[in-house]
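Colleague: Here is how the chains run, residue by residue.
There are 2 protein chains.
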Amino acid sequence: MATEEADSKNLKRYLSRGNVVIERVEPEIDGGRFRAKAITGDEFEVSADILRDGPALLQAVLRFRGPGSRGWSESFMSHLGNDRWTGSFRPNEVGVWRYTIEAWTDHFGSWRRDMFKRVEAEQNVDLELEEGALLLEAHLKAVPVKKRAILQGAIETIRKRPRGKRAAGATDPRVAAALDERVAEVMAAHHMRTNSTMYAPVLELTVDPERARFGAWYEFFPRSTGNAREHGTFQTAAKHLSYVADLGFDVVYLPPIHPIGTTYRKGKNNSMTPERGDVGSPWAIGSKDGGHKDVHPDLGTIEDFDAFVAEADRLGIDVALDYAIQCSPDHPWVTEHPEWFHHRPDGSIKHAENPPKRYQDIVPIDFDTEDREGLWLELKGVLEHWISHGVKVFRVDNPHTKAFPFWEWVIGELKGEHPELIFLSEAFTRPKVMRQLAKLGFTQSYTYFTWRNARWEIEEYLTELTRSEMRHYFRPNFFVNTPDILHEYLQRGGPAAFKVRLVLAALLSPSYGVYSGFEFFENVPVAEGSEEYLDSEKYELRHRRIGGSANLIPFVRRINEIRRENPPLARSAGLTFHSTDKDNLIAFSKTAEGSPPVLAVVNLNPFQWEEGTLTLDLGALGVEDGAGYSLTDLVTGDAYVWTGASNYIRLDPFQEPAHIFRVERA
Amino acid sequence: MATEEADSKNLKRYLSRGNVVIERVEPEIDGGRFRAKAITGDEFEVSADILRDGPALLQAVLRFRGPGSRGWSESFMSHLGNDRWTGSFRPNEVGVWRYTIEAWTDHFGSWRRDMFKRVEAEQNVDLELEEGALLLEAHLKAVPVKKRAILQGAIETIRKRPRGKRAAGATDPRVAAALDERVAEVMAAHHMRTNSTMYAPVLELTVDPERARFGAWYEFFPRSTGNAREHGTFQTAAKHLSYVADLGFDVVYLPPIHPIGTTYRKGKNNSMTPERGDVGSPWAIGSKDGGHKDVHPDLGTIEDFDAFVAEADRLGIDVALDYAIQCSPDHPWVTEHPEWFHHRPDGSIKHAENPPKRYQDIVPIDFDTEDREGLWLELKGVLEHWISHGVKVFRVDNPHTKAFPFWEWVIGELKGEHPELIFLSEAFTRPKVMRQLAKLGFTQSYTYFTWRNARWEIEEYLTELTRSEMRHYFRPNFFVNTPDILHEYLQRGGPAAFKVRLVLAALLSPSYGVYSGFEFFENVPVAEGSEEYLDSEKYELRHRRIGGSANLIPFVRRINEIRRENPPLARSAGLTFHSTDKDNLIAFSKTAEGSPPVLAVVNLNPFQWEEGTLTLDLGALGVEDGAGYSLTDLVTGDAYVWTGASNYIRLDPFQEPAHIFRVERA
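If you're matching them up, the sequences are chains X and H in order. Numbering-wise, the working numbering puts 466 at position 391 of the first sequence, and it's gapless, one number per residue. Numbering-wise, the working numbering puts 594 at position 519 of the second sequence, and it's gapless, one number per residue.
If we strip away everything but chain X, and leave its shape as in the complex, we get:
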């Protein structure tokens, strides 16, 4: 009996199911477990397999709603062929959007399609016409009042008995009325959704501000902006901002600005034996002067910081703070919340290590602490503190060594309140861990770009970033260098290497970054085979003299101008690699609707000139076969007119190692 009841319940469940199947929705990250990402104002495209049994035609809509909206909006999807459908909407507000799909059988459209075939075969269609009239009649109540007359007129004509000699096929006025385009349009727009299928998961989408995708970042240490040998302050740093703005950067990122511990403080060049006056690493956060919510007294006061943010704001620059969840042994938390740290059997607090390496100046947080709730709330409080001081962008230090659930929670909570926030994940680790962090909510991510220097490596990596499922949730930020990463290519390649890497980063990725000193060709490692800088700013002040001619300043400025003037460079989509017959010549273009494409050709060999033949994918550039097209070099101003796909290229690193062309109709 119980079994029969269960059987009957199971039967009813299947009986009520729609005939239409909706599956393989894209984007849908891990079955809807994670949100896709989009930018406000951009078109967001959704596709799916939509099918049913038999030959009937279907209709489908994409349903979507914004963060503030209670009701659903809809846009019709269209059939691409092979049972694949696509639709889109344009989210006009930051925050979490929702979307799903509804599909149903297009009875009238199917009837109409068959009618054309019958009429062409000159069959008697008297009964089929009445079927059509009945279909139209059944739909009257679903059609807006002012459009009903169109259907009513058709029904009337269809049902008029033909007098005298019968008009044949399409000339039969009844047939003409039944197949009338206007009728078809009304029915297409207002077809009843009998037995429709709603895609069960409601999928979510994080809609971010434009800055989440497009921005040029500049990293500098405020303490290095002082005069001569003085410790810089927020005031001197604020003055430095006009330099950064003049170079065309959109975001300044500051390493930690908090009090620095003294216990086990590192000396210059990471020395274990600091000298008097050594400033220590800003990542050794916390001292008697405070912790993550405080500013280093030598940098000034919180009011000085507020003034710095205000000055950045005036210049149109966002301030990005470093969010590094780790402490110096002198951090107030160590005494106030010893339970948040790992302890050794002798009761001492464990310092950071990567066996056999030991980092005595840092104590890591124990995310498995019994007081997880207290820890998480305090860590969230730190971010809220800086948000209240106008910070909207956080560069998160080593998120891959902190518990995943924490990131999902804290980013979700904060972006719920402040959807414009941007979190950049500084994780250089295994591919799946990097992807996981992006899925959990990080807005952007550092990448392997620094270590992708050969043409095939760059092409393969960019193809993964822009063509695989990653494009829906992982936004790259290509840094050319960082205080930790001075790649051998820059160490050895001279000024041309710096130009090459800048062009690649700035043009291949809508978000890219430069750590200060890059523009002065700083290239000396602390040791052979190391990627660390000699006299690294992580452990000492570094005063740079702006000026002189041996720098990349005009080039950086021009590149940032080119980025701002050419919309294709603001997007990840629209990237195409073109073929060349030389491994050292890489060529790629970016396109965006309504703007001329940008084509770059770069000689990856900084040591000598390279010549070869470039074979363009003209279709990707929107150039018709046989048509001429003009190219303007956006750096030198030189102009060319080309015809056909193949062209000779010669690039000399001692002149310009790259062409950056705007491509236009000749």
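Watch out, some of these pointers could steer you wrong.
Which copy is meant is left open, because identical chains are indistinguishable; a pair holds if it fits in one copy or across any two.
[Unchecked claim] Pairs of lysine-lysine, DSSO-like flavour, derived with a Cα cap of 27 Å:
| no. | residue 1 | residue 2 |
| --- | --- | --- |
| 1 | 455 | 467 |
| 2 | 314 | 192 |
| 3 | 221 | 235 |
| 4 | 490 | 84 |
| 5 | 235 | 425 |
| 6 | 432 | 343 |
| 7 | 455 | 507 |
| 8 | 425 | 343 |
| 9 | 192 | 235 |
| 10 | 314 | 368 |
| 11 | 425 | 455 |
| 12 | 192 | 368 |
| 13 | 87 | 455 |
| 14 | 432 | 192 |
| 15 | 368 | 467 |
| 16 | 363 | 455 |
| 17 | 490 | 368 |
| 18 | 657 | 235 |
| 19 | 467 | 343 |
Treat the hints as calculated values from the structure; they're not laboratory data.
Since chain X is already given, all that's left is putting chain H on it; use the hints.
Modeller: Just chain H, lined up with the frame of chain X:
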């Protein structure tokens, strides 16, 4: 306040989440919406991405349970690299199995890994040793009593104060005890699962009998087994079974055996004007003599059918019935349940059509009927009726024109009761519809094989079937011909074409089928450009004389023997295509653990000999570089010894168009 409560609830949800992430589980069809398929006794492999933050090591188990079992069994998974893990189990019972994954941090394993590094760096490890002892102590209660002594001994040694001169590094007895292999083994097998992550979806797996994967099918019309011009019966058909068994077939498939309608009955060669005595199409089911639960009176009684099934059983042959949900206008349902059919505006019942084509002898079922429940239960009843008469295999006619939810329900319900049932989907339609039917529960499917004749087509199609996600749920059954499909290749290619297609079907697919007449080289189409047979058995009796020499009988028999004698041919996995320098020469091998590989080389051109060089993937054949290997031609008995990957091949269609080799160590 309400918001604060919600916030706090949200926080608790994340706080309790495990640190380990499990995702990208394979197989997992559409996020677990559909079941994967496996065969009883086979190893079933499951893989997943498993990762967590930081450098800690992990452990993972595959959890699984059979249809009758209340508890879970487990098997450890192993790390393949790049955060991908794999595990397996061997389902030993047909029915629905369940599986999921659990993973946790391997604290002891991580500690041990770091310990090796510390010892190597000759660090003081006094405190780390005590950490290890504490870890072992904490695990004592998780370890079976008889293994505890191993850990207790280690703890004791670790805590012994070193006397006198300290032993260094690995020679320190405390270190040796801590890193002891036996300790590691006990800990690996019984590690506590603190804060473990259970993969949330419990995935399902349909475990089918061997026959679901491996079988040679033979289709014949019982009515054609009579003498001379007489209508055959179940009795004459039962006698015919010994012929089928002698050919080595495993399944006989009978077109519908039910009463045939007379209204609009089709004459010979699909004529609209039948002659007296024309037998009609068996797919025009139903007459005054009954419907889907009845047998055609000319074939005999239900007792005769039972005797037929018993004879098949005696010969080790399964009987497959045709399940065609459609009716002749004379079917009892038409009067008893007119609401199950489509009606036209004049009240008449609609016949089948594919505009502008009309099929007046068939009326299709309206799956959108108001009485869906009554219809579905009756349709299920039909299957139950034949199951009660010993039928375990159903070849389902055109399932793609019936509602998807019906199939999922009816197959699910029936296989719930009778997990050994096999449903073969006869859908020749769009790829995604064919896949959908397989996902909904069909055990096997007809395929596009008949239309894949060129080498690249065959390689591409088989790669899709055996390498894409389809391999988890779509089991192909390669028919060389059907009463509806006589491909041009067979029409024109002569006897060699029949051999070629037989070898391809029988060796490329574990399940394959032949429609009777194939072995007699029947190849005349009803018209130029048609795939229909002339004098098709669908509309008339067809008496075939077995005997004479112009037939394929010995070859078919040998091929079926080869299939039974060589386990690699019973599986879809283990297929490799090898390269040749001629488009007409296709080469492939199949392997299975514990058996010699089978290698086939086929000349696809039935009109002339072809010679060329075959370049084998020796690794796929398990042959070591430079080693000789012997090949025995399983058809001719010829033997060869080869060395190296490249070998000359010459195949003459007028001798043998194919080599079928068993490959063994020379």
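Colleague: If a hint holds in the structure, say so; if it does not, say that too.
Modeller: Cross-check of the supplied hints:
Proximity of residue 455 to residue 467 under the C-alpha cut-off of 27 Å is restricted to the intra-copy arrangement: shortest distance 14 Å within a copy versus 62 Å between copies. Taking CA atoms no more than 27 Å apart as the test, residue 314 paired with residue 192 passes in neither setting, with 77 Å inside one copy and 48 Å between copies. For the homomeric pair residue 221 and residue 235, the shortest alpha-carbon distance inside one copy (23 Å) is at most 27 Å, but the shortest distance between copies (94 Å) is not. In this homomeric assembly, residue 490 and residue 84 come within 27 Å of each other (Cα to Cα) only across copies, at 18 Å, whereas the closest approach inside a single copy is 42 Å.
In this homomeric assembly, residue 235 and residue 425 come within 27 Å of each other (Cα to Cα) only across copies, at 24 Å, whereas the closest approach inside a single copy is 92 Å. Only within a single protomer do residue 432 and residue 343 lie at most 27 Å apart by alpha-carbon distance; the minimum there is 19 Å, versus 88 Å between protomers. When the C-alpha separation of residue 455 and residue 507 is checked against a cutoff of 27 Å, the pair qualifies only within one copy, where the shortest distance is 25 Å, while the shortest distance between copies is 47 Å. In the homo-oligomer, the alpha carbons of residue 425 and residue 343 lie at most 27 Å apart inside one protomer (24 Å), although the nearest pairing across protomers, at 91 Å, exceeds that limit.
Proximity of residue 192 and residue 235 under a CA criterion of 27 Å is satisfied intra-copy only: 22 Å inside one chain copy versus 93 Å between copies. Within a single copy, residue 314 and residue 368 get their C-alpha atoms as close as 24 Å, which meets the 27 Å cut-off; across copies the closest is 92 Å, which misses it. Taking CA atoms no more than 27 Å apart as the test, residue 425 paired with residue 455 passes inside one copy only; the shortest distance there is 23 Å, against 68 Å between copies. Taking the shortest alpha-carbon separations for residue 192 and residue 368, neither the intra-copy value of 75 Å nor the inter-copy value of 37 Å comes in at or below 27 Å.
In the homo-oligomer, the alpha carbons of residue 87 and residue 455 lie at most 27 Å apart only across protomers (15 Å), although the nearest pairing inside one protomer, at 48 Å, exceeds that limit. In this assembly of identical chains, the alpha carbons of residue 432 and residue 192 lie at most 27 Å apart only when taken from different copies (9 Å versus 78 Å within one copy). With identical chains, the CA atoms of residue 368 and residue 467 are at most 27 Å apart within one copy only, with a shortest distance of 15 Å there and 72 Å across copies. When the C-alpha separation of residue 363 and residue 455 is checked against a cutoff of 27 Å, the pair qualifies only within one copy, where the shortest distance is 22 Å, while the shortest distance between copies is 79 Å.
For the identical chains of this complex, residue 490 and residue 368 are intra-copy neighbours only, at 20 Å inside a copy versus 63 Å across copies, given an alpha-carbon limit of 27 Å. In this assembly of identical chains, residue 657 and residue 235 lie within 27 Å of each other by CA distance neither inside one copy nor across copies; the values are 74 Å within and 67 Å between. For a Cα distance limit of 27 Å, the shortest separation of residue 467 from residue 343 qualifies neither inside one copy, at 32 Å, nor across copies, at 81 Å.
Checked against the numbered hints given earlier, this structure breaks hints 2, 12, 18, 19; the rest are met.
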